[in-house]
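Asks: Chains B and X supply the protein sequences, listed in that same order. Here the first sequence stands for residues 1 to 151, where the numbers follow my numbering. Here the second sequence stands for residues 152 to 570, where the numbers follow my numbering.
Simulated from the structure, these hints should not be mistaken for lab results. Treat each hint with caution, since some may be false.
To be verified - When the alpha-carbon atoms are kept at most 25 Å apart in a straight line, the in silico BS3-like pairs for lysine-lysine are as follows: (1) X:Lys304 with X:Lys328; (2) X:Lys250 with X:Lys403; (3) X:Lys404 with B:Lys6; (4) B:Lys18 with X:Lys491; (5) X:Lys564 with B:Lys18; (6) B:Lys43 with X:Lys250; (7) B:Lys6 with B:Lys25; (8) X:Lys328 with X:Lys250; (9) X:Lys378 with X:Lys301; (10) X:Lys564 with B:Lys6; (11) X:Lys560 with B:Lys18; (12) X:Lys250 with X:Lys275; (13) B:Lys54 with B:Lys89; (14) X:Lys271 with X:Lys403; (15) X:Lys301 with X:Lys271; (16) B:Lys18 with X:Lys186; (17) X:Lys404 with B:Lys18; (18) X:Lys239 with X:Lys560; (19) B:Lys6 with X:Lys186; (20) X:Lys271 with X:Lys186; (21) X:Lys231 with X:Lys404; (22) X:Lys304 with B:Lys6; (23) X:Lys404 with X:Lys328.
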Amino acid sequence: MDADLKELYQQVILDHNKNPRNFRKLENANHFAEGYNPLCGDKLNVYVDVEDGKIKDISFQGSGCAISKASASLMSSMVKGLSIEEAEKLFKKFHSVITGEITDEKEIQELGKLAVFAGVREFPSRVKCASLAWHTMEAAFKQEEKTVSTE
Amino acid sequence: MAAETWHDIKNTSMNFDIDKIRADFPILKEIIRGKNLCYLDNAATTQKPQVVIDTLTKYYSGQNANIHRGVHYLSELATKEFEDSRVKIKKFINASSEKEIIFTRGTTESINLIANIFNKGILKDGDEIIISGMEHHSNIIPWQLIQDQKKIKLRVIPIDDNGEIIFEEFLKLINEKTKLISVVYVSNSLGTINPVEKIIETAHQQNIPVLLDAAQAIQHIAIDVQKLDCDFLAFSGHKIYGPTGIGVLYGKKKLLEALPPFQGGGDMISKVTFEKTTFNDLPYKFEAGTSNIADAIGLGTAIDYVSSVGIEQIAKHENEILDYATQSLSQIKELKIIGKAKYKSSVISFVFDNIHPHDVGTFLDFEGIAIRTGHHCTQPVMDRYNIPATSRASFAIYNTKDEVDVLVKGIKKLIEVFN
């Protein structure tokens, strides 16, 4: 595979695409939002159980490309246990990395497992795929009932 | 393979010099990400032959002026080139008069033009328009926009699992309230060639006019508007090897004369006072403002190019590629073809169980292969088959069986990585 392509489709991403974590409906979720990317028709539901300002549990369901599915899967594993503020802060940093605003390798590595998405910066049309789950989670925090669009 | 088909192919290869044709399109020599470009996104837009590129350069370097009413040399020259192009288009689709050829920005504007003037001149509350279940958004939304003002009903001919319209259902939709049938000639996402002759004949028995969206037909099928007897026909220049930003609306003279103008402005008038304006004759009545002169002339050259190769020869070549691609792709067990109509144009949509079209598109891009992924502006079609999107390969005059092999090889590599 080409180096840029390999960077985009890292093994971790392919694994999470095939076996996404927390891929289910959360029955006792008290926050929920629906995400939609009109460019590719991807739809994603994010369910969050928030207790005392902390993410007790989080899950997602929907259809999407490898990037959006792996991003949702890794996001759900990473934010569990974080406070809403911490999760939002993480998204901000994640977004800066996938858009190429942050290119410092040390800073990228601070994202932990999410650093595998750094390769997305070479593919501007795929930034929306990587951020769909996160936008939807943010909407769920605000408990917006309506569909969130990446546009 | 049937004997008759063999004979056709033999004839094709005798008269159809693919190497010469490929040499006419400079972009085909481009190297994309280290690979030879394998351009299979022709339903989105076609590449341009050198003669079209040269026409644009020649126009802007030696002929540019505003057309009509100018008395100086360049204006007369530009007017002649522009009007010559109209005549070329008239001949190409066999319209009865060049007055029936209206220049627009493209298929979308052509359909919007008809929707607009039907709204102003014909449609009343309770009227109905029939479209099909495989329309491009550009033949859905112009009608929905009228619904904001009037209580008109949009009735949709359902399609079956193969991607063909269900004709019996179409017959049930026609009634005395039907004011127009507006259908796509060839589906951009399924490749289906619709039975437009039968639709037109049926419609005319009830005196209902028919608009054909020929965006995906004009470059593949020999069109004779008089033989078809369609009332309106819309197409874009850029899908038939011409420039973007130029398109055509064909309309029967009698109907266009009876309908009100579209936009107001220069060129579309014969006399203006502050009290009253008299509108110009066809086709200028529908061409307000300075036209896209250069691209209209470029479209004329593209039509000349297509005519020089022969639209029948092009269709034969493309059908051969389509057959080969359908056979090759059918052998990949993880791949499912969407759209299996009996009569198809050179479009193949396909999906995989576990690989999203977006990943297909990005992956194949690194093999130098340009295909389209997404809903192809036909979201109702995607809903019909309960899929979010497809990957689509579409072929043109310059594509080869070798390129189909490159696509198949790329797909096999993709499956290996993702499964």
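Asks: Does each hint fit the structure? Answer for all of them.
Replies: Taking the hints in turn, this is what the structure says about them:
In summary, the hint linking X:Lys304 to X:Lys328 is supported, as the alpha carbons are separated by about 9 Å, within the 25 Å threshold. Between X:Lys250 and X:Lys403, the direct Cα distance comes to roughly 9 Å. Compliance with the 25 Å bound is thereby established for this hinted pair. Restraint check for X:Lys404 and B:Lys6: the C-alpha separation of about 59 Å exceeds 25 Å, so the hint is violated. For the suggested pair B:Lys18 and X:Lys491, the alpha carbons sit about 29 Å apart, so the restraint of at most 25 Å is broken.
Of the supplied pair hints, the one linking X:Lys564 and B:Lys18 holds, its CA atoms being roughly 17 Å apart against a limit of 25 Å. For a cut-off of 25 Å, the pair hint linking B:Lys43 to X:Lys250 is broken: about 48 Å separates their Cα positions. Distance hint between B:Lys6 and B:Lys25 is unfulfilled; the C-alpha atoms sit about 32 Å from each other, more than 25 Å. Distance check on the hinted pair: X:Lys328 and X:Lys250 sit about 30 Å apart at the alpha-carbon level, beyond 25 Å; violated.
Between X:Lys378 and X:Lys301, the direct Cα distance comes to roughly 34 Å. Violation of the 25 Å bound is thereby established for this hinted pair. Distance restraint check for X:Lys564 and B:Lys6: the Cα-Cα separation of roughly 13 Å lies within the 25 Å cut-off, and the hinted pair is therefore satisfied. Taking the CA atoms of X:Lys560 and B:Lys18, the gap is near 22 Å; set against the 25 Å cutoff, the hint holds. Proposed proximity of X:Lys250 and X:Lys275 is contradicted: the alpha carbons are some 28 Å apart, above 25 Å.
The suggested pairing of B:Lys54 with B:Lys89 holds, with an alpha-carbon distance near 14 Å, which does not exceed 25 Å. Restraint check for X:Lys271 and X:Lys403: satisfied, since their Cα atoms lie roughly 18 Å apart, inside the 25 Å limit. For the hint linking X:Lys301 to X:Lys271, the alpha-carbon distance of about 11 Å falls within 25 Å, and the restraint holds. Taken as a hint, the B:Lys18 and X:Lys186 pair is broken in the structure, with Cα atoms around 29 Å apart against an allowance of 25 Å.
Using a Cα cut-off of 25 Å, the hinted pair X:Lys404 and B:Lys18 is violated, with the two alpha carbons roughly 59 Å apart. Taking the CA atoms of X:Lys239 and X:Lys560, the gap is about 41 Å. The hint is violated against a cut of 25 Å. At most 25 Å may separate the alpha-carbon atoms for a hinted pair to count; B:Lys6 and X:Lys186 meet this at roughly 17 Å. For the given pair, X:Lys271 sits about 53 Å from X:Lys186 by alpha-carbon distance, which is inconsistent with the 25 Å threshold.
For the hint pairing X:Lys231 with X:Lys404, the CA-to-CA distance comes to about 22 Å; that is within 25 Å, so the pair holds. With a C-alpha separation of about 51 Å, the suggested pairing of X:Lys304 with B:Lys6 is violated against the 25 Å cut-off. A C-alpha spacing of about 24 Å is found between X:Lys404 and X:Lys328, which places the hinted pair at or below 25 Å, so the restraint holds.
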